[in-house]
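Undergrad: Residue-level listing of the chains:
There are 4 protein chains.
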Amino acid sequence: MRSIVIHPPHEFRVEDRPLDTMRPGQVTVAVKAGGICGSDMHYYRHGGFGTVRVREPMVLGHEVAGEVVAVAEGASGLNVGDRVAVNPSRPCRACRYCLEGLPNHCEAMRFYGSAMPWPHVQGAFRERLVCDAGQCEAAPGDVSFEELALCEPLSVVLHGVKRAGSLLQKRVLVTGSGPIGALAVAAARHFGAEEIVVTDVAPEPLAIARRLGTDRTIDVAAQPDDLAAYAAGKGSFDILFECSGNERAIRDALPALRPRGVVVQLGLAGNEVALPLNLVVAKELALLGSFRFHEEFALAAKLIGQRRLDLSPLLTLTYPVEEAVAAFEAAGDRRTAMKVHIAFA
Amino acid sequence: MRSIVIHPPHEFRVEDRPLDTMRPGQVTVAVKAGGICGSDMHYYRHGGFGTVRVREPMVLGHEVAGEVVAVAEGASGLNVGDRVAVNPSRPCRACRYCLEGLPNHCEAMRFYGSAMPWPHVQGAFRERLVCDAGQCEAAPGDVSFEELALCEPLSVVLHGVKRAGSLLQKRVLVTGSGPIGALAVAAARHFGAEEIVVTDVAPEPLAIARRLGTDRTIDVAAQPDDLAAYAAGKGSFDILFECSGNERAIRDALPALRPRGVVVQLGLAGNEVALPLNLVVAKELALLGSFRFHEEFALAAKLIGQRRLDLSPLLTLTYPVEEAVAAFEAAGDRRTAMKVHIAFA
Amino acid sequence: MRSIVIHPPHEFRVEDRPLDTMRPGQVTVAVKAGGICGSDMHYYRHGGFGTVRVREPMVLGHEVAGEVVAVAEGASGLNVGDRVAVNPSRPCRACRYCLEGLPNHCEAMRFYGSAMPWPHVQGAFRERLVCDAGQCEAAPGDVSFEELALCEPLSVVLHGVKRAGSLLQKRVLVTGSGPIGALAVAAARHFGAEEIVVTDVAPEPLAIARRLGTDRTIDVAAQPDDLAAYAAGKGSFDILFECSGNERAIRDALPALRPRGVVVQLGLAGNEVALPLNLVVAKELALLGSFRFHEEFALAAKLIGQRRLDLSPLLTLTYPVEEAVAAFEAAGDRRTAMKVHIAFA
Amino acid sequence: MRSIVIHPPHEFRVEDRPLDTMRPGQVTVAVKAGGICGSDMHYYRHGGFGTVRVREPMVLGHEVAGEVVAVAEGASGLNVGDRVAVNPSRPCRACRYCLEGLPNHCEAMRFYGSAMPWPHVQGAFRERLVCDAGQCEAAPGDVSFEELALCEPLSVVLHGVKRAGSLLQKRVLVTGSGPIGALAVAAARHFGAEEIVVTDVAPEPLAIARRLGTDRTIDVAAQPDDLAAYAAGKGSFDILFECSGNERAIRDALPALRPRGVVVQLGLAGNEVALPLNLVVAKELALLGSFRFHEEFALAAKLIGQRRLDLSPLLTLTYPVEEAVAAFEAAGDRRTAMKVHIAFA
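These protein sequence lines are chains A, B, C and D, in that order.
Heads up, the first sequence is in this note's numbering, so the first residue is 4 and it goes up one at a time.
Heads up, the second sequence is in this note's numbering, so the first residue is 4 and it goes up one at a time.
Heads up, the third sequence is in this note's numbering, so the first residue is 4 and it goes up one at a time.
Heads up, the fourth sequence is in this note's numbering, so the first residue is 4 and it goes up one at a time.
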């Protein structure tokens, strides 16, 4: 079974791996589409991020959808042939954080394709994936596997929107129009934001954000004053979904927030980000970290599966697994690719 | 009437100023005690902070208490001889933020002794202060004027505690044991925090925090590992009252917070504070700015006036107005002075 | 100028009334459509409700839209010919509740067509209405006046949705499919509720709710077991928008809520409603009253004016002012009329 | 081992029962004091409440403290001779509500002395109790067993205070000065309520509330106008802890709440309580049910064990187990007994 594996320090291979054994309550999924995420790119390019390093061969990938090809006993509700998105979040359901209703902070989380724990948690970029039935969300046939594979990044965004609270009568700014930022635009629209403005430093991602429903796009490289104008008075926006992880983007966005404005930090940045803390104090901003998701995955599958959200503008390129390297290279160029998928046989 | 005035760029003078005219609804207060605050120190030393500069002569001071010596008609509820704390917060009560219940963000705030607006708002370090009756909170005679003058910094802290929400079953860390940090200890105890730990880099302020009810003090200069131990697992504290404004203190404290921990940022820092933003994301911390106060002043006066809070450990030194320079110099030495007051005639 | 007036005890007249004087900052609106609300019906039938009684002649009506026909100086942003919805909520902006950001609880509220204060506040069912420019929300020409007149009841519902907080991943039950219930369906959809079920005792209103986007309708008179099924386990719904004011509807709905479920009570009921309080305790339900609105009116006008919400299914009948009695009679029959409007010349 | 057992329909017996087997991780506690609760009284008098009926012999009791007399392996942290309060709340830690952080709504809760599940969950009024080490909270020797047995009702109250949120600058009304109401007074004081008023229809319980720190008591049977005065304007109190379960008490208290006031319903009432729902709507009150507790038990033990709360005024009478009937009769007379305990050998 072909899998996309990163070997330490960061050697990229498409190689054969044995199929896992299916236990009761599990299914085998023929993975059809896998979306390349920023963390996959970090493993590909650098073998990790921060203090996290690949120390043993690890299958990459956590954004996958596919077709059920085998069902063990006890895997209720699923049938061979079902098209499913697979939730990569596997909390232990027994630690203190799981029991507090915070499974994304599980002390023994086994999230696909993560080198944080030891041994590493193997990922889902492989032709056959054995997983628990409960990880699978089924969807009807008219939704492509690439769209279904967007359930994972959409879940990240839904979790962030939940952190923000109600968007009713809220003016929303989104910084960074990559996949997470673009999904934040779509989600903010879906949950009724009154106004949505999105910024980026490149025109191509902003064009996609427009198709996903933003009211306005600002190319802050070309027109920085357009954002600065929102800082007039004591600022304009109620909520900022920070999706760039870029220090300058954050610093330029904060003045555009009104007093008691809320920042939901989704973008990962370096470990040292210089922030205007006095502005946070004087405006009484609330800077809220948002990390992964869990129960939101089921909602994401419903929104995509029932076409309540049309996320097709996000889909740009799909490469066969044989061309995985090309896929990763393409995923690194924001001007040509929003979300790149790998197609398995 | 002698007043403590700063002249641009930052010349410090004790000089005579004319008495303001008393209008209906107002009273004249003979100021008895004025506490020196960090912002007073900035005007004294640097003529301002950040982009705020003294551009015309300005009376300093916003932490004062005194005795009512004259009462205009319509100043209901007050009598000559009343001992009062004076609320320096004067929002306009008509702008959008006042009407949203956020008077501390008033667009036309006239906070005593502030060079932020133009013309500057004159302060309260003067022998006679004419103010609205509604700014005065009366207290019985057995509370000293120095204690009453603590109503202002206590209000700042009460506002921060309100930002944090309930302290029930919460473990609290306070970084920085200056006047704000020490008051945060007293307030956290009063509002029922389960456990309180306070840090500083000097032993003297920590000794005062112990008298105010903290469970434990950590001298992070001498024993940095003691704080680091709280970072074990995913961290320990639910709430951090950050009262130092010191970059290193903030950075060292964040790992000691548990997932979903709340930081109430009370300390003012430079405009560039390097923060571990990825930690904020991964732990889903909430960093909440807290700025000034308004309605909390009445509560502060009740807590101090009814001796529900005994803040006398905070009082270290009082200088007569003639020795104002000595008072400001003393206020700048954290090892000998916690809160320094100036006594007016 | 013809007006619809109720005389004590509850005599209904269409009569001429003098035009009010226009002051600076005001406009004169030619009222084009006025929606009949439940409280209008109470004045019409009973001369009041509870302890509130019409004690002097009072113009009815608070759901109106029309065309600006005169503009006084200082009425910025409005021009003759503008099509506007008029906000009937006029808080004082100076009392303690206004200053707490709770203008709907204003101690001196002057809400159109209300016999609660003395003298009564005259209403808006008249050919010409003089009002503050700030009460008017303009809309483009392709939205009918009847739709614009729905801004008021939509504001009531938006306020209730705000009380409920975010609808993300929430299952919503709406009891009572009258105008408020039907608008709650539309709003719950707009703000992203995961699932919406609406109940009523008549099929006609439920048919309209279906056109507004509900997932399921239950005729609880015909199929009571369908609602009861949701009580299985510990219940199903996260949020109940109670829009019937009917004791039995409330009592039958509570078991269908899950633990920590939230009831937003929008429907007005008698003063004595027998509730299963032990169920509220055992499930830790939250029963939240929701009363009027204020700032939500601007949002309602934007949602309707920009056609983000299509509320046309609510519009059933329009009568000319000469047939006002017929309009009120029609408005009392839920099977034939959802929202009845009166057209002024 | 003598136990206090209720036999269907409601025959009360003190009888011998076999000792349970101790498993790994468990301890045996010699029960020293057991507090009689309202639900015990219902079983004693009526064999149940509402639809809950004793259908098999059931040991009563869930408020107990005692001494550890045997420790199985794996019962870490406990030693023979430890004085402990025993948490009667035993959620399954695996159902959906446990995993949402709502263990008090556990679908398989095994709360001591409850006839709700089948088979019934046997209670703790017995000479020897085998329980999990994790249920035991140790306390130092200078706290009486009767006081320790108050951990359970205090936990109920702490849970209710948590539901209310921060008490900072809040005016609190407590209706019903029985054990729960009196504990609510003590807790409201501990968590910093600005003002506390408590009502009852008998002077004796109010005298105890005064010793626990209330600012004012109102005997509403003798002086009903004293409570009514708080309804002036739009009402006075921010929070009502409703601890009587009495319809009239609730109805008389609601007008004394200010707009957006919060009712925490702790008292159990009949299944039909006639409430002024229109008042809930017009004032936008929030009526929050509060049911049992879980993690609050550890905090209760700390507050009592460290004498942060002095609850000794609550202790009125202790009877030896041989006089259990007298104890239950005494517990039914509010004028002579606040909290009655049974002493086991």
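Worth flagging that the hints you see were computed from the coordinates, not collected in a lab.
Source: prediction; values computed, not measured.
Every residue gets a Cβ at the ideal spot worked out from N, C-alpha and C, and that includes glycine.
Wrong hints could be hidden among the right ones.
[What the hints assert, rightly or not] Each pair of labels, with its calculated beta carbon distance range:
1) A/D145 <-> D/G41: 41 to 51 Å
2) D/A141 <-> B/A232: 54 to 64 Å
3) C/A141 <-> A/E332: 21 to 31 Å
4) D/G104 <-> B/A232: 21 to 31 Å
5) A/G144 <-> B/D228: 51 to 61 Å
6) D/Q226 <-> A/E110: 53 to 63 Å
7) D/C95 <-> A/L22: 32 to 42 Å
8) A/D23 <-> B/A231: 19 to 29 Å
9) C/E59 <-> D/Q226: 30 to 40 Å
10) D/G104 <-> A/D23: 27 to 37 Å
11) C/A141 <-> A/D145: 39 to 49 Å
12) A/G104 <-> C/F15: 49 to 59 Å
13) C/A141 <-> D/A231: 46 to 56 Å
Undergrad: Holds or violated: the 49 to 59 Å window for the beta-carbon distance between A/G104 and C/F15?
TA: holds (56 Å)
Undergrad: Starting from the range 30 to 40 Å, see whether the pair C/E59 and D/Q226 falls in it by beta-carbon distance.
TA: Holds - the Cβ-Cβ distance for C/E59 and D/Q226, about 38 Å, lies within 30 to 40 Å.
Undergrad: Honestly, do D/G104 and A/D23 meet the 27 to 37 Å range at C-beta?
TA: holds (32 Å)
Undergrad: Does the hinted range 46 to 56 Å hold for C/A141 and D/A231 at CB?
TA: The hint (46 to 56 Å, Cβ to Cβ) holds, given that C/A141 and D/A231 are roughly 47 Å apart.
Undergrad: Is the hinted range of 54 to 64 Å satisfied by the C-beta distance from D/A141 to B/A232?
TA: violated (23 Å)
Undergrad: Could one say that the CB atoms of A/D23 and B/A231 fall in the range 19 to 29 Å?
TA: violated (40 Å)
Undergrad: Hint says 21 to 31 Å; check whether the CB-CB distance for D/G104 and B/A232 agrees.
TA: At roughly 27 Å between Cβ atoms, B/A232 and D/G104 fall inside 21 to 31 Å, so the hint holds.
Undergrad: Taking 41 to 51 Å as the stated bounds, is the beta-carbon spacing between A/D145 and D/G41 within them?
TA: Given about 58 Å between the Cβ atoms, the range is violated.
Undergrad: Are D/C95 and A/L22 spaced within 32 to 42 Å by their CB atoms?
TA: For D/C95 and A/L22 the Cβ distance comes to about 35 Å; the hint holds.
Undergrad: Could you check the hint for me, namely that A/G144 and B/D228 are 51 to 61 Å apart, CB to CB?
TA: Check passed, 59 Å falls within 51 to 61 Å.
Undergrad: I want to verify a distance hint. Is the separation of the beta carbons of C/A141 and A/E332 within 21 to 31 Å?
TA: violated (52 Å)
Undergrad: Check the following: the C-beta atoms of C/A141 and A/D145 are separated by a distance inside 39 to 49 Å.
TA: holds (42 Å)
Comparing the model with each numbered hint stated earlier shows that hints 1, 2, 3, 8 do not hold.
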